Amino acid sequence: MVTLSINGQRVEVEQDTTVLEAAATIGIKIPTFCHDPRLKPHGSCRICVVEVNGGKNLPTACVTPVYEGMEVETEGEEVVTARKEILDLLLADHPLECLTCEKAGECTLQDLCYQYGIERTSYDGERNHYEIDYSNDFYYSDQNKCIKCGKCVMVCDQLQETHAIGFAERGFETHIATPMERGLSESTCVSCGNCVSVCPVDALAPKKKTKFRYWETEKVRTTCSYCGVGCQMDLLVKDNKVVEVQPAEGVNDRMLCVKGKFAFDFLSHPNRLKMPLIRKDGRLQEASWEEAYDTIIGKINSIKEENGPGAFAGLTSARCSTEDNYMMQKFMRAAIGTNSVDHCARL
Amino acid sequence: MTNSVDEVLKSDVLFVTGSNTTENHPVIGSKMKQAVTNGAKLIVADPREIELAHYADVFLQIKPGTSLALSNGLMHVILEEGLQDDGFIEERTENFEALRELVKDYTPEKVAEICEVDANDIIKAARIYGEGERSAIYYCMGITQHSTGTESVMSIANLAMLTGNIGREGTGVNPLRGQNNVQGACDMGGLPNVYPGYQPVVHPEIKKKFENAWGVELSDENGLTLPEMMDNALRKSLKMIYVMGENPMVSDPDTAHIRKALESLDFLVVQDIFMTETAELADVVLPATAYAEKDGTFVNTERRVQRIRKAIDAPGEAKNDWEIFMNLMNRLGYEKTYQSASEIMDEIAVVTPQYAGIDYSRLEGDGLQWPCPTKTHEGTKILHGERFARGLGLFKPAQYRPSAEVADEEYPMIMTTGRVLYQYHTRTMTGKTEGLNNLAPESYIEISPEAAVRKNIENGDLIKVSSRRGSITVKAKVTDKISGNTVFIPFHWAEGAANVLTSGSVLDEYSKIPELKVSAVNIEKAM
Amino acid sequence: MELYRSHILVCGGTGCVSSDSLKIEERFIDLIEKNDLKNEAKVVKTGCFGLCEAGPIVIVYPEGAFYSQLKVEDVDTIVSEHLVKGRIVTDLLYKESIQEGEMQSINDVGFYKKQERVALRNCGVINPEVIEEYIAYDGYEALGRVLTDMTPEEVIQIVKDSGLRGRGGGGFPTGLKWDFTAKAEGDQKYVACNADEGDPGAFMDRSVLEGDPHVIIESMAIAAYAVGANKGYVYIRAEYPIAVNRLQIAIDQAKDMGLLGENIFDTDFSFDMEIRLGAGAFVCGEETALINSIEGKRGMPRPRPPFPAVKGIFNKPTLLNNVETYANVPQIILRGAEWFSSIGTEKSKGTKVFALGGKINNTGLLEIPMGTTLREAIYDVGGGIPNGKAFKAVQTGGPSGGCIPAAHIDTPIDYDNLIELGSMMGSGGMIVMDEDNCMVDIARFFLDFTVEESCGKCTPCRDGTKRMLEMLDKIAAGTGTVEDLTKLQTLAKTIKNASLCGLGQTAPNPVLSTLHYFMDEYEAHVHEKRCPAGVCKALLNYMVIDEKCKKCGICAAKCPVNCISGTKGKTVYHIDTEQCIKCNACLEACPFDAIKKG
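Heads up: the sequence lines are chains H, D and Y, in that order.
Residue numbering for the first sequence is 74 to 420, as defined by this note's numbering.
Residue numbering for the second sequence is 3 to 529, as defined by this note's numbering.
Residue numbering for the third sequence is 2 to 599, as defined by this note's numbering.
Hints are computed from structural coordinates only; laboratory data are not their basis.
Keep in mind that this is a model prediction, so the values were computed, not measured.
One or more of the hints may lead you astray.
[Stated by the list, open to error] Here are the in silico distance ranges between beta carbons for each label pair: (1) H:T261 - Y:K24: 50 to 56 Å; (2) Y:K24 - D:V455: 54 to 60 Å; (3) Y:G259 - H:H236: 38 to 44 Å; (4) Y:S271 - H:P252: 47 to 53 Å.
Just so you know, even glycine gets a beta-carbon here, dropped at the ideal spot from N, CA and C.
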């Protein structure tokens, strides 16, 4: 164990802990753009700089390991000056379109500019201009807004292992691109959206089908309903509609695939069944629940009378909940009296 | 899975067989790629050169239906080279001699011939797996959907036991479950022979227990499996089928046969969220809620019971499946009522030993991996740690048999089926997302370049594919992902449905799984 | 070995090669053959002699006759006169080597007299493509001694005791680095050589590799033995084709002789090495970016810690030194730590190679003991400023360094003194400026380089240097404000404090040091809209000095934009400053110095 002080508070942590992690244990939040504990240390954005033992250089909290007797200041004058300067520099090449920006309300750049009181950039220099890449079906890449934190590249390389995007050019012209700048649709991208999920600004963002502001949404934690991995995710809900899905901590380590991330349109699809249907005159026609129940019960009773419980079978579903399945088999076994319950586990 | 998903990154050898993980379980697929990047060795066996093959130390492009021979061959080499775990065999298993005897014949040369791979690659794979400190096997439907499916699984289990790769972190025999809650559906006795918790229906004491719990008399006979249901429907001995959230018209083999069977019924009830191909045939269709509209649980491939939560209201008058059954049961005179899914889970915990410790209050956070026998138990990450369920691990030697259908003059190609990344199962859900339909718009057939040359087929040609069950017309995708006379058709689409071609009559003897992965077909350019 | 009466050393360094020294070599061989001197004279193609200003260079021994700026046809004269008749061709000699009509031996010439060659010991002496010549000059003796007589700990101790510090930039104690790598845990370790010399105008590493490649092989093998590595990488820029070629030849020869490979000197020690080519990104000289590049990744620095000694190439413990550092090691082993530490100052031991350029008479490469003063380097070795101009400043350390003004010219050169003055040792660039240099322009030049070469990874360097450059542009264009001067300093501070790698952290140095020492020049640009040195075009105005104008009209004739008006012989001429493009043509053309700029 190592003892250090952060903003005058003593804290004891394991060896090899970073300053950022140590601070978190005592509830001190140090701002970050490029940090993600799942990724190899990157240290590019420099916004998490802190002062250590009054030293001149400002190391970044995200990659600096603690040591015995370390004294850290996370909001000292030098630190705040540097953070403000970094935000100023980022804004100097970032359009101030917050009023209409899709990311507003969930933009780290916006939040930190607010926190440090940076209203606008003090520079009036060159800006990069990129065409927005809309070629992917589910998300766009707007490099005009990119702050080059590199998380998208790292997630694609280190976690998703798809290697679809990387850094292109150098220096001020550095930006995120697909090989030969041929666009996302021509790349190896599998549309998992894991880059989108980590982007702190509106540079990689889902193509919204519904207009919403993040502050208008409610997040509901759930389990993905596609394959058997059981990825944890948050449904963002506005006006009784799922408008976005974000990965959550769980077995999936905050990753999703294209289906989990983007294929939720079916929920609000107009073709959803809304009323019971009963076949009348050879045609399925809308009916009330009472009618439907009566029809089914009537049929069950008559078949049971004539043929016994052996004439019934039920197919439960690998798609429904555990509780639904339990009730289905209980219905077949306890109410109808047959063990003929099966489902497509084998398919 | 005997082990847990996060252990993918703790294995030093991964043997992935019959699983196109990066497309069908993408998040696990990514973890496998990460593992390789971190230095783990990877063996891939698959008839197709799937993405993982490019990450593999050894890729065995086996002929469909030969994985049983492959695992026997791997064991042959392991024993030949003394790579087995004698201590584990001695202390934890029985019937080893029978296995040794059986795999004697499976020389690399012989297996190479059966599987149509290089004998040296078999030896290399056996050494990698056998020498691994923590070797794990991951498999999927490529192993099970065969007439020898169960035996193939047994053979894989033999391989793991032979090398002591079970019951420890980073090892195990790990089937990847294809659907979000196939584990939960099985756990809940959605099977004709067992009650919830895999408790046999023919066992008198078990039956008694459930009769006491449910307060009714129960049948002591095994019920019908799905293929048997269809047969009985055709024979008119089955009158009514109640389908909840399934679409056998697309997902099940031999579509013509299924249609005929369902049409022969007196009464078909389908409960779903969309008007599916199966619902079209129903007498009553009931609108159900989707996962985002209800509370409940799904059980993932590593046996983790996880919550789903109601986020939005269901459309129209759609109801929760469980509520519909409760209402029907009540109307049939079974009085019990439930206020919530949570209450149902409490009842599940009472009758299901593996779930005894589970209730909703304990599922906040990461959920629980069953077995979880008590309210203080933390769940089980790794099965068979100290002992196997039956005590000693039983080696069940299994002989390779060729698939029921082999290529012949009339049907010279072998078709295998599967899924693609951008669609899911019968497309009930994914078919509603425009982007996915742009990326994977229609069915197709993958044909090897050599077969394409022989048949004068070019990319994009319309191909008529016929089997003994029927024929479909799909677009040709000529690709070196596949070799020789093997062809591949994804089964998602009702239009150009692979399952028109598959056989529903050839079943695995034990599990009754149809041999979906091997069908003899003929291909010709459509006129 | 055969004995020859004469040795003709032809410089095969990049500078001389590009001015046709290979043809000169060929001509010598040809004529020696024709004159039947084959058994008497031997031509040796060597590495760089250092005095590139005077290239192509040929030195004829035993006389030490230093022929400079030769043309191919001069060879005929040298052969017929010097080699055949024994008469030195005085006309072709380097002029500084003639004192009072007498030729001095090359080693007594000013440029060489104050030098002490350790790293460059064999450059210009041996044929780099012949391993036997290296061996004849004690080559591989140090490796033999290390492998057969010394423990790795003893090797590290000698390097520590010698006081050798990294010659590539930071000046970290070399022995300590070796010690860290030796102590790091790992089944596989690597040694690597940084030959990605990227400072504009710097070529010391190139010269060593071209002139004495075996010293790097030998030294890396010694290092590998000391730290427990068995594999080495030399990361060298592809723009150094001669160096790459000679190093590859040397590696092949060393392998053939069993000096690389398995069981070297019949010991348990095995070591192999390979060359990795860099694509010329400046940032790849930064050690962690270099490691990324060796691994096949984009050359971007990684955060430290972990340091390469713990997690380097492929995450294995890696020892990384630059060429010049390695070049010192075999001599330290052979001659002892005490010998090495007797050279230099208290904290900076040994010698340092500098690439001297800019406003200096002897442009070239020099190796001088640490502690030599800037004045000695510039005036005694460098031969002073051309055209009698006044010395203004010297920029050391490349784009990461700073400008040291004339007031500090008597400072002894060592790591700490240079840092004290706001500059640094760096890899040894030394650019001299005279009164005609505008310091704002100089700062712009270096910053422009940094902006171009920033890898783009971290915000302060990527965006900060860009904004600094824009402010300097404004100042140079006469639109700078007082706020810009303040802002330059605060931004520079953030870039220094918060950048990821050493390059970003030092990028503002040229600006900061010029702001510190030459604030008056900046202020002149900002307040008076004037460039005192007359360099910043936007601030220049060309004017005819009426009283000096002889109405000849030559200026008007030379003006490419016809903005000079007047009537020949009748009126003084006048320049329309609105139209003037400040091309300087009129000023250069006027025979009467009647045009001034300012």
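Results for each hint:
no. : hint                        : result
1   : H:T261 - Y:K24: 50 to 56 Å  : 51 Å, holds
2   : Y:K24 - D:V455: 54 to 60 Å  : 58 Å, holds
3   : Y:G259 - H:H236: 38 to 44 Å : 42 Å, holds
4   : Y:S271 - H:P252: 47 to 53 Å : 39 Å, violated
Checked against the numbered hints above, the structure breaks only hint 4 and satisfies the rest.
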